[in-house]
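Peer 1: Going down the list, the sequences are from chains A and B. Counting with our numbering, you get residues 39 to 532 for the letters of the first sequence. Counting with our numbering, you get residues 7 to 278 for the letters of the second sequence.
Just so you know, the hints here were simulated from the structure itself, not pulled from any lab data. There could be a bad hint or two in this list.
Using 27 Å as the maximum straight-line C-alpha spacing, the simulated DSS-like pairs for lysine-lysine come out as follows [what the hints assert, rightly or not]:
1. B:125 <-> A:526
2. A:526 <-> B:119
3. B:125 <-> B:89
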Amino acid sequence: MNAATTIVIVLCLAALGYVAGRLRANQVAGNVASSLHSRPGYYGAFVAIFTALPALLVLAAWLIISPLVINSQVFDSLPQDIQALPDTDHALQMGKINSIAQGLAQLTPEDEARLKSGAVDMRSLLGEKGVAIAGEVDDYMPAAARKLSAMHSASELYRTGATILLAAAGLLWAWMQIKPRMRARNSVEAVIIAGLMLASSIAVLTTVGIVLSMVSETYRFFSSVPPLEFFFGTVWDPRFAAAGEADSAGQFGLIPLLAGTLYIAFVAMLVAVPIGLYAAIYMSEYAGQRMRSVVKPLLEVLAGIPTIVYGFFALTTVGPFLRDISAQIHGLAFGEVSSFIQAQSVLTAGFVMGIMLIPFVSSLSDDIITAVPQAMRDGSLGLGATHSETIRRVIFPAALPGIVGALLLTASRAIGETMIVVLAAGVAARLSLNPFEPMTTVTVKIVNQLTGDLEFTSPQTLVAFALGITLFVITLCLNFYALYIVRKYREAYE
Amino acid sequence: MNMMSEAAVEAAVGATAATQPPIKMQGRLVNVSYGDNQALFDVDLDVRLHQVTALIGPSGCGKSTFLRCLNRMNDTIDGCRVKGSITLDGADIYDPSIDVVELRANVGMVFQKPNPFPKTIYENVAYGPRIHGLATGKAEMDEIVETSLRKAGLFEEVKDRLQSAGTGLSGGQQQRLCIARAIAVSPEVILMDEPCSALDPIATAKVEELIDELRVNYTIVIVTHSMQQAARVSQRTAMFHLGRLVEEGATDKMFTNPDDQRTQDYITGRYG
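Same shape as in the complex, but just chain B (with noise of 0.2 Å):
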């Protein structure tokens, strides 16, 4: 296999390895088919520690197949293959000696539509800790749901009925309940799909405030459509194009002065 060393990615990238923080997850030559379908072609990827990793790019690139190879939710899919490796922390995940429940405790992910059970606001936050065994008593468990939540920035909103359905919040509050859910099993890295795109403005701009808080503690990648969010939110951004990455860098750098005129299209609006 064609493995570029880190330093050599880093060059070509145009980075250099002094100013960036280390590797979190990295992809190299990361080829993804549904059937006979080819979505992701020869993707090289790296994720930052404490870093928001923003990958863009109109629809159906493969972004968002790229984002479920890193917790690899598409074994979930039949006739989905995955080649290349994606490592984290320098293991790598498609490994047959990894465990796929513990590589997902680890990278978790929150989805484009809010997706609470339908139990309690409670029991929704409890969930993983509770199937990984993460607190020993109610106590311990009511902390871990009361720091998830405050973490999430919904705690102060639900505190009252935290045994009332979470399915009857907000749509805003119902995804910041499933960022509480994802955070109540201390992952390192967490995926966003598209975590904004069903929310409005005004609950978006939480989510946004709360991704950039989160980044202290977690490393993140978001896939989003929206590029003001992009920008926003994230320190480096990856464009794809027609199952190819075409360019990825710090999100400064990439909305003013991109390398790739489909990148500079892209984020000007000229197509996408």
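Just chain A, same shape as in the assembly (with noise of 0.2 Å):
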């Protein structure tokens, strides 16, 4: 029996327990049910995760474990000499044993008479079944296969029994632990809380592998360009083209790419900051009830267009306009039409990706001026201070560490932003402090880096993880700080 229809009938004889346990506990209290400790349903769910947990515990751990002691235990029993070959070539023997174990189990018994009166040979009879065997079969092939087939078929039966026994057994303990003033809810909500807490620790865990996973890279890069000709170097030049030769170092320089992505979000946030906060204040403070339920969902929606719609924004439309324009000035000034703005550029870039932070800063600033109490408002009000003074010199200044705040996380999402750049503001790493001149950021070099043929270890590669990881950290730094920012605010009312 295959491990999805155990779960069928685990999960059968939870709800079984259910209703069991429901029954029972009624039955327990007289029908009484003030007399339970807790109501019927608890009761209920106490046998039935008492019937289906250890159960699917021991029926995962069994999953996970027994291949491993199968494998195992067939390598053991394989002729010394193929023990001894290399750990690659044993993956590779393994994996022919274990195709051969699935095509022996499609033979008929015909095909086995066949086989053995060697009519056929091994390999050609499992490829007429469409198991195709990589390379010849050895002659110690069949019988590992067949030890492996004996034990896997072996292991399921063990599974299934013990797992519908423990499943059983489970819903009977748990169904005679039904008395009146039984805990059930307290073990109920403790099973709950856990699954919560299991929830939660999930995605603390997966970042925690991501990280775990980028340091390692990243110590393998830094083993082979020393971490400050990356940290301070000012050229970056990861010669792809020469990158497995002898003088394939090429130079990788963060420096341009760092400032390629601040001078990109501080030219967005720019644009973003200003037109957001007054839209916020706007939006918060003057618009009537209804131009805010039509305006606020529009602004809204600006975020969800995705990055990408903004790139192509940022290239057919503002890119060229700006050029344009900047032709036309420099003609009217000079006499000779020369666009000093360059289609791809800083200022394209940083005034897309302004517009596309702008809901951003507005939504979260305007959460943070409403929470403004009501009281503060009246107070300033009430001694004669206008509706802008008020919001000036009262609202504005207490809501101003939660905007900072806000601000911060904007400018998070601001440096991690790839597709506006990639599109925007193209692919060159160039140092240079003139807005009207294509630069890059950190994000898209990355990208560039992992999505050639190169083999994974060579520099070249690994840096995108040098490169990811101070991205994170510096995010991570903005992150934390916008936080910290925000929470003090918070103590300010309590």
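With the hints as a guide, bring the two chains together.
Peer 2: Following this line, the structure appears as structure tokens:
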């Protein structure tokens, strides 16, 4: 019986346990619900949990452990000379044996007879069955494959038996536990809380896993390129073409990328902060109920546009527009038409990214401004302050820490943005202060480095991890600082 | 509009003009509604100079609504409409020619919950004078702040920490800070909306004492749920019920010999 069927059976048992638990609870209470410690449903859930949970845990553990055990046992039974081969060959041999085992399971008795009589060899027979074997079938393999199959089917049998027995035992035990004063609710809630905890720890553990994998790759990168050269180098020239050759070291200077990232993010914030803040002030303080109900969702639609679409907008509309208008201006000023803003430039990327960030700034700030207690407004208005004085002198200062936090969160988004930059600012890693020229960012280079067909161990590829972790640390610091400020702000009112 | 003469009103409420101070604020036929809900019906009430007028009545009776009409704080509530006339020194405060900002500078307000701004104690008090340009220099501002804090009976307690946060004071101190803040713009009338409901008895006693002292210089209207407080601090009391003014008169009389059975019941705690 395969694992899925077993799970279905266990769940059926659990459902049965739920009903049985409820009935039993009602029965021991003499149908007087108030004499029970918990509501009858909790007793049902208690039985269901003790039926399903241990059984499913054992099943999961078995599914993980048994292939490991079986493989190692089969491997130990292989001839000595095979065991002496290097590790990479082991995997190959075991793969073949696995395939043969799969094929053998499909053979009919007639096929077996043909095989025994030597009328057909193993490889072509299995080929007929649709199981391709890579390479020749060595003599020792059929025996090992049969051993493997036998162990697998035995394991499956024991697994099914153990799981279902455990489920039944759990059901019975839990059912017998039911007494009027038994605290079923507490046990059920403890299990539910454990489930919730598991869900949250999965997110945390994943983050830790991501960081660890980046750290290990970054370490490998730094073993071929000195950290000082990476962090303080001013030239980005990874030399893709020459990768793998003797003088393929390349130069991995972070500075031009970091400068591009910060420059573009800065331009974006220059656009997004004033517009977003003014929008937020209008929305929270001046807009009427009807205006607000129309404009706020519209602004938030902006936040839902995929960034690649902003990229198109930059590439096909904003970039050419800025280039043409700069040509016109140049023509008017010097009589000679030549565009000083390139179609792909820091300005284009920053501007479009700023548009993208407006809804983040305005939505977060709007919430923060609205959260300033009405009492503050009343206090100020009651002293004869005008609406604008109240906003400027009371509401805005009170909301400021929160707004700063919101802006830092927005900035970390700007720093992590990729698609707009690829399309709007190009991929040229340059160190320049001129906003009218192309520059590029850390994220764009990460994409560049990882999408080549270089071998994974070359510094050209590994540098992506070093870039990634640098970016991660920067945005992490920004987010931490933002959260710190936001938390401090909350304390001010409570 | 059905405007009664001052004398007629005084005859109606059983007082004589000779023994009464002049009228500072006067409401006539005040009707207030929030959307479709009418909160006040035809309220006629006088607030007299240098007196404390207490507004009492069960929750939801409209006393806070009336109070907020006196400096047009109801303007800030969406869907609130005020009809009838309310005058300050004879001038209709709902007249389009009246600047609401100026009105609120003249008719200050202290709220139920202490609401100091998240600024320093000094800046809290200096806020009003600053926006109205009442002080020309730092020295003058210092003086206004000190005088206001003194009048609010808070100066001795906070003189060493004027630059610390106003929100760090105790509840009673915060409320007195809010009173100092209101005094600092030199209003003529101070409206207080249950100023002691968030305070403990000791802080309440201090604020009540303060109200009594402030009466000398200001005209005060106070909304309160505490009968004892109304009896202790006010000279005149107005009883509201279900949006109507039930009875108004000298506090002594209201608490010893009210005309209306509902007032009698409310004051003696039989309902409300």
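Peer 1: Next step is simple, just say for each hint if it's right about the structure.
Peer 2: Okay, the hints, checked on the actual structure:
Restraint check for residue 125 of chain B and residue 526 of chain A: the C-alpha separation of about 15 Å stays at or below 27 Å, so the hint holds. About 23 Å separates the Cα atoms of residue 526 of chain A and residue 119 of chain B, which keeps this hinted pair within 27 Å; it holds. Taking the CA atoms of residue 125 of chain B and residue 89 of chain B, the gap is near 37 Å; set against the 27 Å cutoff, the hint is violated.
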